[in-house]
Amino acid sequence: MMAANKKIVETGPDDIEALLPWHAAGTLNARDAHRVEQALAQDPALAKQYSVIRQEYVETISLNESLGAPSARPMQKLFAAIDAEPVRSASMSRGLSARISQFFAGLSPRMLAAGSAVGGLVVLLQAGVIAAMLAKDGGHSFQTASHRTENTPLTRGLATDTGPQVLVRFAPDARMSDISALLDTYQATIVSVSRAGLFQLRFDGRAPKDAGDLISRLQSEKIVNLAVPAQ
Amino acid sequence: MSAAQAASDETLIARIAQGDRLAMQVLYGRHHVRVFRFGLRLVRNEQVAEDLISEVFLDVWRQAGKFEGRSAVSTWLLAITRFKALSALRRRKDAELDDETANAIEDQSDDPEVTVQKKDTSNALRECLTRLSAEHREIVDLVYYHEKSVEEVAEIVGIPENTVKTRLFYARKKLAGLLKAAGIERGWP
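Protein chains in written order, with this note's numbering: chain U, 1 to 231; chain S, 1 to 189.
Just so you know, the hints here were simulated from the structure itself, not pulled from any lab data. Predicted, not measured: the structure shown is a model, and the values here were computed from it. Don't be surprised by glycine CBs; every beta carbon is placed ideally from N, CA and C. There could be a bad hint or two in this list.
With the C-beta cut set under 7 Å, the calculated list includes, among others, these residues of chain S facing chain U [unchecked claim]:
| # | residue |
| --- | --- |
| 1 | S54 |
| 2 | F67 |
| 3 | F83 |
| 4 | V140 |
| 5 | I159 |
| 6 | K165 |
| 7 | R167 |
| 8 | I184 |
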């Protein structure tokens, strides 16, 4: 038997012998486990080696279990690092609907409500102004919306809103108060809010040539994820 | 690990990919001890092993969206841990050896004959298990303690499946040699 063992060690394990450690750990598939069981039943030298392996198996578990557990430090460090991570942007590999869903899921209820309210207010305001304009121009019985006399605005808003416009996506955890503060700081007006959470902002009192600087400043804001020129 | 738990780990990873901190806490609670022990056996330094835990799980937080579920989450975690542990070893001042040499070297700080004075096979076995090279320690731990299959070990270590089998065989042979040096004969090889 010693001679046989020596030969095995010198030449490396045969197929079944190599599987013994996994058999001891119970991680072989049914077919291999059956092959090993059969070989063990027929080969005393292999069975002897298997009993040695089982001893190694037990002591390896015992050794690892004796290593104890880590302190709370790595968990604190991990979650501090996670807190410091930039807000996760939607994966480009995911579908548009998934990205939209994720954005809306991330918006606070107040932000969603405010966005809708502002959008509704804009529509109401425009409707009111258009109605007032139509009433003022009573001499005309009919005017198409597409017809405009040069330098004669259809609405006050559309005529004087000459500031550059920027599409902004706020961070999902941005609160309405943060957004209001930003609008105040930049003297910006919300023109529209898309269903994907994209805010179209207008910056009155600024020249179109300032758009580049404006976008740079916006992009450096903590609550702004995206700022691009509005077409 | 049960199939149910494996599925649940995948669900946690999907939630982590969406920024769910609670899912991260659950996954951490479930696996951090094994990550710690695997790392500790490789780097042999508790502080470094604890640092590895936060590094590994931070990688999980960042990479969860890329996890494709082709392997078990625990296998993925151990593969990351191994990579981080080897990087940590490389950074250590006293590890001015190339990777191959560093992995193959055994702990010769004490003579096993002196340390293992008792003829108690269990104690001697545990002592000798700590003296194996990093390359041999990791494969013994992955198979016996972390209950990884041949395929999973191959994935974690990045070697062919046949190499996994022969490496474990030679790790066991080395273990037998250390035990013999300590005066313990087990009848194999």
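Each hint tested on the structure:
no.	hint	verdict
1	S54	holds (4 Å)
2	F67	violated (12 Å)
3	F83	violated (17 Å)
4	V140	holds (6 Å)
5	I159	violated (14 Å)
6	K165	holds (4 Å)
7	R167	violated (10 Å)
8	I184	violated (11 Å)
Of the numbered hints stated above, those contradicted by the structure are hints 2, 3, 5, 7 and 8, listed in ascending order.
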